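Using the sequences plus the hints, can you model the full thing?
Residue numbers (the working numbering), protein chains in the order written: chain G, 1 to 160; chain Z, 1 to 144.
Please keep in mind that the hints were generated in silico from the structure rather than gathered at the bench. There are no misleading hints in this set.
Chain G regions said to be covered by chain Z (calculated; three or more residues, Cβ under 8 Å):
| id | segment |
| --- | --- |
| 1 | 9-20 |
| 2 | 73-86 |
| 3 | 100-113 |
Given the structure is predicted, the values throughout are model-derived calculations rather than measurements. In this text, a Cβ means the ideal position worked out from N, Cα and C, and glycines have one as well.
Chain residues, written in single-letter form:
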Amino acid sequence: MSLTQPIASDHQLARLLQIGIVLEEVVEARAGKHAAETDDTADADLARLLEDASAESAQHRRQLEELLAALEADTVPFEEIQTLVEAQYEADEDFDGVLYDQLCNEETAYKFYDDLIESIEASETSFSVDRTRLLETLRLIREEEAEGVEDVTELMEARL
Amino acid sequence: MNTQAQYLKAIYLTQQQADGPASTGNVADLLDVSPASANEMIGKLEDRGLLDHEKYKGVDLTDEGIQQARDALQNYCIIERFLIEVLEVEDFRTEAKTLEGVIDETVAERLDTIIDREPQCPDCFNAEDDVCGLIDVEAEVSSD
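Take a look at the structure:
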């Protein structure tokens with residue numbers, strides 16, 4: 001199901017950016033936790049992928065926070081999300097489980113940005129944040145999420 | 001504008017309240033749209049095999065329609081809980097309605113990994129108040 005509703009207000013855009021920030025924080029926390037539990041001498045490729053994913057999500061979070069600041073809305077503190085992720089954490093710790101979790105994270109983020117961009121493009125609302133900057137940032141993040149999906153898929157295939 | 005998921009959810013809840021077929025008028029009331037708009041969308045949903053519509057009797061969801069309505073209801077509950085538990089939004093009902101049409105089910109599933117949701121969801125939904133029946137609003141708001 002894709003988005004069919006254009007974004008109607010600054011408030012709704014801000015709320016969706018907050019949700020994007022939380023999604024990035026979930027990826028950052030989960031990839032960071034997996035990376036900390038992975039032996040980087042025994043499995044250097046997996047450890048590098050998880051560390052890169054965690055760092056990239058932190059970067060995406062900061063980019064979204066800059067957009068959110070232009071809308072004068074609050075961000076969601078990473079520590080709060082980290083605590084929630086820890087509380088609900090039930091991921092498999094074998095390689096397939098870790099990679100599958102990472103793949104779901106990247107695919108979900110990609111889908112979210114794809115829908116968000118479509119919904120902004122369909123909107124005639126004049127937002128407080130510059131529309132060109134908004135769309136350029138989101139398209140860049142979407143592209144990086146797509147590359148993340150490819151990276152995880154390649155590593156999964158290499159292990160078959 | 002209401003999405004297919006919002007219509008299915010409204011029809012499902014109206015059927016539950018009526019304990020039988022849902023009248024198009026009640027569905028239109030729940031979604032705050034005109035009966036003509038409701039009729040148009042109900043026709044499309046019938047073409048897609050999601051419901052059966054009989055004049056003067058009302059609409060009945062098919063098995064596929066019921067499944068999609070329950071998925072939509074669960075997504076809505078996830079959004080409500082996410083708004084109140086994570087973003088601490090007091091007016092979470094109103095905002096959940098504006099966001100349910102723009103939050104995909106894959107995104108809702110990921111948000112679901114950081115919230116507390118009861119296993120009986122979505123059967124615990126309170127159709128009368130149009131809200132998850134297990135969210136203790138006063139307790140949640142006072143904990144802010």
